[in-house]
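Trainee: Keeping the supplied structure of chain A fixed, place chain B upon it in accordance with the hints.
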Amino acid sequence: MASDTSTANIEVGQELPLFTRETGFAVWNRYAAVNDEFVPIHMDDEAGRAAGYPSAFGMGNLQWAYLHNAIRTWLGEDGRIVSLSCQFRGANTKGMTLTVHGTVTAVREEGGARHADLELVVKDQDGHTLTPATATVAFDA
Amino acid sequence: MPETNISPAMRAAIGGELGRRVSFPVSESDIRRWAIAVYWPQQPPPLFWDLEYATGTRHGGIVAPEDFNPFAWMSAESSSSRDADIDANDPDRTELLLGIAGPGLKFQLNGGISVEYGERIRPGDVITSVNRLQSYTEREGRLGLMLMTNTEDTWTRADGTLIKRSRATLIRY
Chain A
60 MASDTSTANI
70 EVGQELPLFT
80 RETGFAVWNR
90 YAAVNDEFVP
100 IHMDDEAGRA
110 AGYPSAFGMG
120 NLQWAYLHNA
130 IRTWLGEDGR
140 IVSLSCQFRG
150 ANTKGMTLTV
160 HGTVTAVREE
170 GGARHADLEL
180 VVKDQDGHTL
190 TPATATVAFD
200 A
Chain B
29 MPETNISPAM
39 RAAIGGELGR
49 RVSFPVSESD
59 IRRWAIAVYW
69 PQQPPPLFWD
79 LEYATGTRHG
89 GIVAPEDFNP
99 FAWMSAESSS
109 SRDADIDAND
119 PDRTELLLGI
129 AGPGLKFQLN
139 GGISVEYGER
149 IRPGDVITSV
159 NRLQSYTERE
169 GRLGLMLMTN
179 TEDTWTRADG
189 TLIKRSRATL
199 IRY
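Going down the list, the sequences are from chains A and B. Take any residue in the first sequence, count from 1 to its spot, add 59: that is its number in our numbering. Take any residue in the second sequence, count from 1 to its spot, add 28: that is its number in our numbering.
Source of the hints: derived by calculation from the structure; they are not laboratory data. Please note: incorrect hints may appear among the correct ones.
Derived lysine to aspartate or glutamate pairs resembling DMTMM-like cross-links, with alpha carbons at most 25 angstroms apart [to be verified]:
#: 1; chain 1: A; residue 1: 153; chain 2: A; residue 2: 95
#: 2; chain 1: A; residue 1: 153; chain 2: A; residue 2: 70
#: 3; chain 1: A; residue 1: 153; chain 2: B; residue 2: 118
#: 4; chain 1: B; residue 1: 134; chain 2: B; residue 2: 56
#: 5; chain 1: B; residue 1: 134; chain 2: A; residue 2: 95
#: 6; chain 1: B; residue 1: 134; chain 2: A; residue 2: 104
#: 7; chain 1: A; residue 1: 182; chain 2: B; residue 2: 113
#: 8; chain 1: A; residue 1: 182; chain 2: B; residue 2: 94
#: 9; chain 1: B; residue 1: 134; chain 2: A; residue 2: 74
#: 10; chain 1: B; residue 1: 134; chain 2: A; residue 2: 103
#: 11; chain 1: B; residue 1: 134; chain 2: B; residue 2: 113
#: 12; chain 1: B; residue 1: 134; chain 2: A; residue 2: 105
So here's chain A without its partners, still in its complex pose (with noise of 0.2 angstroms):
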């Protein structure tokens, strides 16, 4: 989990490295199979076309996954996530390129810790928001 963050170079404005991935069966699959979440709209695009949608569609937990991993990328060993929100508002259908977008909006002091805010959100290949997101990290003294 190598990353050049350190609490010295951290301000407001901070871009996250982009955390990418093609999504569709293949990762779903893996997914469902680690948390037994094998769900006919993630499995079948006549249930995913059932319910509204063009085809099967990936699971928000994925997507919360994705996010949690593009902060890590980010923070390194030293840093930790203290909170994270997001919102689930588009269907990540299948063969859909997802990226997370991640930007540093505070940077403060507290209980002895720095701490960071980020706004954070998973876009399509063609730029439309999936899953917006907030978190605040932290680096311990």
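Mentor: The following block gives chain B in isolation, referenced to the frame of chain A:
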């Protein structure tokens, strides 16, 4: 289309405990496989699978990704006698766990998650989860009347250490 899908019994159940579960001890293999799935096709960071590397970090050993779920597949204990009989993917699962009738909606989606994190999960940990029904709300959406169900799930270690407090929104229509 009904004016509301929130029955008097559902309103009366707000605040109720949906379930209390105790995980099996978390294994290195559980953590490793989770990390492989969420980083696929890239190799996951060594913190999640390389003991020698992980021992040299401030964690002092392997920890789980924050998003790891130790309750997938099976729990060692579950307080709800109804739990085993209810399909995990039944849209009425929330109400069935409370022993009341659900709204009978056909589809369900994950609306959002908000989590405060405490300590990281480590191999050998046994995690207890207590999940409660917080509220119901409704609004009109593209696909009709949408029912939002908010729950709060608190995970702790056996010594009471907080692992996370998670608020989730389930959308049904």
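Trainee: Taken at face value, is the distance from the CA of residue 103/A to the CA of residue 134/B at most 25 angstroms?
Mentor: Holds, because 16 angstroms separates the two Cα atoms, which is no more than 25 angstroms.
Trainee: Does residue 104/A lie within 25 angstroms of residue 134/B when you go C-alpha to C-alpha?
Mentor: Holds - the C-alpha atoms of residue 104/A and residue 134/B are around 17 angstroms apart, at most 25 angstroms.
Trainee: Taken at face value, is the distance from the CA of residue 113/B to the CA of residue 182/A at most 25 angstroms?
Mentor: Violated. Residue 182/A to residue 113/B sits at ~38 angstroms, over the 25 angstroms cutoff.
Trainee: If you draw a straight line from the CA of residue 182/A to the CA of residue 94/B, is it 25 angstroms or shorter?
Mentor: 22 angstroms, holds
Trainee: Please verify whether residue 134/B and residue 113/B have alpha carbons no more than 25 angstroms apart.
Mentor: Measuring from Cα to Cα gives roughly 19 angstroms; hence the hint holds.
Trainee: Is residue 134/B within 25 angstroms of residue 56/B, Cα to Cα?
Mentor: With Cα atoms ~38 angstroms apart, residue 134/B and residue 56/B exceed 25 angstroms; violated.
Trainee: Is the Cα-Cα distance between residue 134/B and residue 74/A 25 angstroms or less?
Mentor: 41 angstroms, violated
Trainee: Verify the proposed pairing of residue 153/A with residue 95/A, using a straight-line Cα cut of 25 angstroms.
Mentor: 20 angstroms, holds
Trainee: Holds or violated: residue 153/A with residue 70/A, Cα cutoff 25 angstroms?
Mentor: At roughly 36 angstroms apart (the allowed maximum being 25 angstroms), residue 70/A and residue 153/A break the hint.
Trainee: Has the given pair, residue 134/B with residue 105/A, been kept, meaning a C-alpha gap of at most 25 angstroms?
Mentor: 15 angstroms, holds
Trainee: Under the criterion that the straight-line Cα-Cα distance not exceed 25 angstroms, is the pair residue 134/B, residue 95/A satisfied?
Mentor: 20 angstroms, holds
Trainee: Check whether the Cα positions of residue 153/A and residue 118/B lie no farther apart than 25 angstroms.
Mentor: Roughly 23 angstroms separates the two Cα atoms, so the pair holds.
Hints 2, 4, 7, 9 from the earlier list are contradicted by this structure; the remaining hints agree with it.
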